[in-house]
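Using the hints provided, position chain B relative to the given structure of chain A.
Number of protein chains: 2
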Amino acid sequence: PHHAPPTHPHTPTPTHTHTNGGMQMSSASRLRMLIEIDLFRVKLENMSPAAERLRHILGEDDSTPTPTIFTEMDTLQQEGGELEWKESARWVKFEEKVEEGGERWSKPHVSTLTLHSLFELRTCLQTGSILLDLEGYSLPQIIVEQQITDGLIPPDLKEKIIFVLLRKHRHQTKKPIHRSLADMGKSSNTASSKHVYSVCMPFYVPINHAQSRSMNDISDTPSTDQLKNKFMKKIPRDAEASNVLIGEVDFLDKPFVSFVRLAQATTLGGLTEVPVPTRLAEPFTNPTGYLFSDVAYKARDREDLIAGVDEFLDEVIVLPPGEWDPKIRIEPPKKVPSAEMRKSVLNLNELGQVNGLAGGAAGGEDEELPAPHELGEELKFTGRIGGGLWLDIKRKIPWYCSDIYDGFHIQSISAVLFIYLGCITNAITFGGLLGDATDNYQGVMESFLGTALAGSVFCLFGGQPLIILSSTGPILIFEKLLYEFSKNNDVDYMELRLWIGLHSCLQCFLLVFSDASYIIKYMTRFTEEGFSSLISFIFISDAIKKMVGAFKYYPINRGFKPDYITAYKCECIAPDQAPALGLNASAPLADDNMTLLFNLTDLDWSQLSKKECVKYGGMLVGNSCKYVPDLALMSFILFFGTYSMTVSLKKFKFSRYFPTKLRTLISDFAIIISILVFCGLDCLLALDTPKLHVPTELKPTRSDRGWLVMPFGKNPWWWCVASFVPALLVTILIFMDQQISAVIVNRKENKLKRSVPCWRKEEQRLTGILVFVLTGLSVFLAPILQYIPMPVLYGVFLYMGVASLKIEYLTFWERIKLYLMPPKHQPDFSFLRHVPMRRVHLFTLVQIVCLAVLWILKSTFLAIIFPVMILGLMVVRKLLDLMFSQHDLAWLDDILPDKDKKKKEDEKKKKKDKKAPEPESDEEVRKCTICQVWICLS
Amino acid sequence: PHHAPPTHPHTPTPTHTHTNGGMQMSSASRLRMLIEIDLFRVKLENMSPAAERLRHILGEDDSTPTPTIFTEMDTLQQEGGELEWKESARWVKFEEKVEEGGERWSKPHVSTLTLHSLFELRTCLQTGSILLDLEGYSLPQIIVEQQITDGLIPPDLKEKIIFVLLRKHRHQTKKPIHRSLADMGKSSNTASSKHVYSVCMPFYVPINHAQSRSMNDISDTPSTDQLKNKFMKKIPRDAEASNVLIGEVDFLDKPFVSFVRLAQATTLGGLTEVPVPTRLAEPFTNPTGYLFSDVAYKARDREDLIAGVDEFLDEVIVLPPGEWDPKIRIEPPKKVPSAEMRKSVLNLNELGQVNGLAGGAAGGEDEELPAPHELGEELKFTGRIGGGLWLDIKRKIPWYCSDIYDGFHIQSISAVLFIYLGCITNAITFGGLLGDATDNYQGVMESFLGTALAGSVFCLFGGQPLIILSSTGPILIFEKLLYEFSKNNDVDYMELRLWIGLHSCLQCFLLVFSDASYIIKYMTRFTEEGFSSLISFIFISDAIKKMVGAFKYYPINRGFKPDYITAYKCECIAPDQAPALGLNASAPLADDNMTLLFNLTDLDWSQLSKKECVKYGGMLVGNSCKYVPDLALMSFILFFGTYSMTVSLKKFKFSRYFPTKLRTLISDFAIIISILVFCGLDCLLALDTPKLHVPTELKPTRSDRGWLVMPFGKNPWWWCVASFVPALLVTILIFMDQQISAVIVNRKENKLKRSVPCWRKEEQRLTGILVFVLTGLSVFLAPILQYIPMPVLYGVFLYMGVASLKIEYLTFWERIKLYLMPPKHQPDFSFLRHVPMRRVHLFTLVQIVCLAVLWILKSTFLAIIFPVMILGLMVVRKLLDLMFSQHDLAWLDDILPDKDKKKKEDEKKKKKDKKAPEPESDEEVRKCTICQVWICLS
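From first to last, the protein sequence lines stand for chains A and B. Using full-length UniProt numbering, the first residue of the first sequence is number 1, and each one after it goes up by one. Using full-length UniProt numbering, the first residue of the second sequence is number 1, and each one after it goes up by one.
For reference, chain A alone in the conformation it holds in the complex (with noise of 0.2 Å):
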């Protein structure tokens, strides 16, 4: 092992004898030992600036990464009559302290430090013993043996300091937390006369750091096991772990400094955890990407160490006393720089430009720019007819087995569960409202075999198995506009949907060989908030409409009195039996019911229901007739009270509450939830609230459709041409949603929840299949469907349009909000930062007319056609580059490729994921086109 001497071993001159005790010291020999400090600095910086060492060592070697580091604190205590090492404090990402009175651990928090604790650690650094690569065996020994070599220490104290340094070690998690109730009362007797020993220490202490390269050391002994493992979770395998030893003693003098490096990780038992290598004290070890660490496992003698520590000393940032009360413990940041970032930033010698002396360097950061999104290899574009697809067969093709025997795993299952329930929900609130908007020609029964088979086909042979197929918003709003144009044009709605599947699956197989992905690239944040935005709107009217639709169809007796019950009533009477007749010819009868109308005795008329009655041509009479009691108030109370309470449980998550896994199940499964409640609801009520309309057998949702659709004879036969342009349409539309789900999973470095792979081993084929396979079985869930109240999935429509203007990285809906804000009240966005305020407003003013002009062309005939219309937008944005300087588009919106360096003539291209699955019966050419890429699992 190396050995490097100290350097000044007579410096540290023992002149601070009356020092306050403890770890405090008196404001003089604070301002002496600077001093100190600064002497060592001034010679050692003129022979070689810390920034050059430091390039040398850790350019040196990049091969070796430096792994995680745990590191833990413990402090000398005396607890009854015995000295023990109590840990006091522990880093992994930030500074977690044990809270002496609360007897627990502190949040995580961000090391708040002074600058004189910062100047101290140098010179001990500069003075205690420096051992790297050791062996990990006898370690005290080892230790105090050399500094008794070196003269720092008397030889008579060797026994003594070994004694200490074996003295066992109690970690926070060996105190049980919850005491008997017997014990409770003693306990806050000993809480009084805590830190008595901190005071009767007179001399000046001995810092000690040990570390251990390995994290076993604490989980060695049993009764801690439990606990600890479930800290041993947040800790990454690779970790190694460093010891930090502080201490006083009255038989000490001066310090006793030892710094310890084992040249392996070595697992050390809990009791022997002192006689471990030495790393420095904890605002060095910190391992969040600090260079320290690096400098640590990398320095070769003591110059590279005190290097490191001045280094940290110009990176450091620097609260004003004035303004920051040191007791507050700082949140840790969302981010952090990156070590890697910092290292390069050294390698350019550029420090320091961090926040100028006056603040006036801070006109520089304008001059940065956002970071560019990177687009995958899988979105060049090949030039060749189907390269690209040829490129992800190729690309796919050797681990196509493994995707699928990977999947038996005992964790598949939970895995399985989980998507088959997300993408069930999806499907019954789709399918209804899909059998509403049309008529039930397709309703929940198509939904599911829709989704079970595409989704199945897909898994088999899609390029991304990732990805859970499902129904979206857009094209729910064009089966709807395409159902009320058929309608109005008297065109057979089914043959004419056939025939747009099979054009629409021929354009899907030209875009794919045709490489036609590549225009991804063209779409820019405006473009996604523009369609995002349209659909959000459309969601939340709709969703609104229905509910209003509800107190219309449901008219409330507004003037009812309780007391008048007596005179409300509603009678059928009959019509004079001569135009009675008349009118029963005119209404259309079946022969039986015509018999059992001339049965009828005039006395029948008053038993025969409201629709009887219409049917027969009674007349309804009375003040009740055109109202219907409680249902439109309780159609309110289920929408509203669906949409409020999924909005609160997906807003659990970020509660104080319950476990963060519990938290994020439950805020997973809100939707299916808030169903379960209202629906339950419901049925206590037992009202008669419009219902889900699914067929209890596995038969289509309409009866009189069957399941294989006559491609001919209904519709004139240039429908079977024409229905090419609506095809183009959901072309357009599939095209659009598919490449924004693209866009958002290449954005994966903006750490997107939707993108976040969810069940890798957790990411293989037969996981998706299984999940489609239950979707399919659960077509004779039937029976259970039809109790959902409609009320209840318009709740779930409103509730996913407002949430989809909440997306994260989409920033239109919160540059909207800024209109209200007063500029000192509004969050710190970066665009605000770097693009003045009236220029944010005038870009979100575009988007606004361009979304008010799409909202009037839809509710007009051309409504139709939007999806056409959202290819606008991204003209609209094309021309907003004559509008705007790229550099504010650059924080408002992304730059268009052509705009981008020249030289970047490799365009970039993703071969579709979504490969649009093979036609298996016309049905399912249908289908095929309405099951949609969902990334389904936020």
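No lab work stands behind these hints: they were computed from the structure. Each hint should be verified, as a subset may be incorrect.
No copy is singled out in the list; a pair is fine if it fits within one copy or between any two copies.
Unchecked claim - Calculated cross-link-like contacts (lysine-lysine; reagent style DSS-like; alpha-carbon spacing at most 25 Å):
| # | residue 1 | residue 2 |
| --- | --- | --- |
| 1 | K806 | K651 |
| 2 | K661 | K824 |
| 3 | K806 | K611 |
| 4 | K817 | K610 |
| 5 | K396 | K653 |
| 6 | K569 | K298 |
| 7 | K569 | K610 |
| 8 | K824 | K487 |
| 9 | K615 | K626 |
The following block gives chain B in isolation, referenced to the frame of chain A:
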């Protein structure tokens, strides 16, 4: 003027000629600079430690407080070929930067600095010229000539420097925030060419710091007056300005540094902002009670200033670079250590214990106990009969006249309106609920008159006109229990209530004359929490009970099928004539009704209303008879809607939208807005929901009572004496309620919102009197009030219950929530840092048990004595001393007075602010007991 010659004019040799330009320096040059600083430091500190020096300056003369400082930093920029000083940051409490790109002010944030910038600044102070206590004329000349005299700059640069210093100043606000649309296209182009000038400066840089001791130089330019005025409001009146100027020019080869302090605060014009006295760069001029501003004001020479910087360095808080991204702006903390506190720390020579070297010092925190709540000297126990009252009168009489005359102020009008609305909302709500609880023996009308009379009397004679009298929950609950008691026991409520009022009034006077309010000190948070939680739970459970009651009162026809509407009817069927007559005889019929009955033929039965039918003994036959449509659901919507809307509007105060004032207004009027909205909804649907019962004329709510209640006659005579006992209960309630209000007022230091004085100039008697006169006049509002549906009031009731669980300093509810939170998600309550979790849980458990016992007692016949049970809480609290250590109790509760240091024998007592108003009539005697201290304004 003093003039301190530079100590080391030769030292900053122009060695760093190759800086990267602008404010940033190469790593090498920075290190060299550090060395220089350190050398100075060593010399300086060997002579005299900074702390000692500071203690000397600051201790010298504490008579003149340092004014609040507004600091502005201007940087030299070239705009359109002309040099100008552009404002780039400002400090009032925290830093606000000019967002170069965003062209706006950033949010106030904590300044983050690099250590390097601090050292650089120290060098500047050592080398530049220091000019103290100058007169404010021709400053550029003086500064530059001084530097020439000192040999810091060559004489030929004089004109050039003066030219630069005299360039005009552009403030952030001078740039119009809203340009015309035509301008918008242009600005985007200039944006990208920014900062070009800063690259072409090869040499290092003059740093010039200038300060004007006045605000007015900014508002001198008329064009910005308005914009600036808005910001002026945020600056205290006695503020003085400090200007920091930083710029770079190419004709200087070393820094030109100058610190000037003017003898007198002088208003300097916007253009001549340069020639003004200097203060140092921004971290030091930060005025949040930072010591350095004191130092800057009192420094005698250069060494004093440098000592200030050194102290600053010692106190600085350091964040490790790996755990923090310097780009994040830190939100200002809620509380910052005050300058006084930190000064005293300085004097005690105990600096640096903030956060020990290894965090081990954190244990020391545990020694500290929360500050005990100071009670005012008004609560002293005098030992004389009426002694407290006499003292109160002596204290208040001198102010009595001005208390009234001060009210003649235009601002009083808005205060009156505001408080009036608060009072009336309260009177309506409590009046409505009280009427509901007492079968309208005491309704809204009585509530209005009682509030008005008692309030006016209180405002005329009360000791603390800030307090607004109003009904409170406990009294409401007592009235409810009393009414139930008298109904069940056949006692006349009105007569009993009168006697209780008389007795209670007498007892209140006894309390006043015996200085009883000194027992307030035994009322700890434990008692308060028990009291207010019980009331909250009663509120919540009552509101829910009422709501459930509505579903029983208006049963929903669950099986209703809209199609069978014809089958639903309810008919009144005549009983057989003979039994009917028999039945009628037993019913209480007036003579003319009898006549009417005999005039009726059989046919008329169907015309009768439900009530009439029952009255005349008819039979209600039909399947809709026992159902009432819509009302139950509508009531629920009104109830829940009012509740949720009130909650949302109250929360709106903390949203980011709209200016703070508007939000506060909306939040303050949340209850009234919600009531109005849901009354509107109710009107819109025009359903027959139960409404608030208010008489339309000035007469008692119930027609069978008069304004005067006869004291004798209906009850046995001994009730007059026996009512002493329930009167005692009322007295206890009033006393408890008032004492709890007093505790809150006396905890003003806790920043309780409820105790913030709401209309000082805003505080006098006239406003209060006007408010209550208006309240009295509001009895004529009856025609409007009768449109308020009861479910809306129940919603407010629920809100009040839930809201009072969340009163800021009552931690009971917060501690209950801790049961459900995993430790790492728990908020950083100070008691959690100091008391072990299981002790906290145990304490909470004790409280839950107490509440459960109270709740059970309340449900039995013991309900009426519940005020006494609450007194029992104080006994339980006494027993807790045996179970918990004083340390734990100090954090979780307060310490009981006799446990406090025995030396504090001067027991504190508060003369009751609420002095029971003189009886004016029988009615008022009763009312004054239900009108309670209610600090009504948020």
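Copy assignment of K661 with K824, given that the CA separation must stay at most 25 Å
between (36 Å within a copy, 14 Å between copies)
How would you classify K569 and K610 at a CA-CA limit of 25 Å: within, between, both, or neither?
both (12 Å within a copy, 14 Å between copies)
Within, between, both or neither: K615, K626 at alpha-carbon 25 Å
Cα proximity of K615 and K626: one copy only (16 Å, versus 30 Å across).
Using 25 Å as the alpha-carbon threshold, which applies to K569 and K298: within, between, both, or neither?
neither (93 Å within a copy, 92 Å between copies)
Is it within, between, both or neither when you check K806 against K651 at 25 Å Cα-Cα?
both (13 Å within a copy, 20 Å between copies)
With identical chains, the pair K806 and K611 could be close in the same copy or across copies; at 25 Å between alpha carbons, which is it: within, between, both, or neither?
This pair counts as neither: shortest intra-copy Cα distance 46 Å, inter-copy 55 Å.
Cα distance capped at 25 Å. Does K396 pair with K653 within a copy, between copies, both, or neither?
So K396 and K653 fail the 25 Å test inside a copy (36 Å) and across (55 Å) alike.
Intra/inter-copy verdict for K824 and K487 if alpha-carbon distance must be at most 25 Å:
neither (54 Å within a copy, 59 Å between copies)
Which holds for K817 with K610 at a C-alpha limit of 25 Å: within a copy, between copies, both or neither?
Neither: 50 Å inside a chain and 54 Å across chains, both beyond 25 Å.
Checked against the numbered hints listed earlier, the structure breaks hints 3, 4, 5, 6 and 8; every other hint is satisfied.
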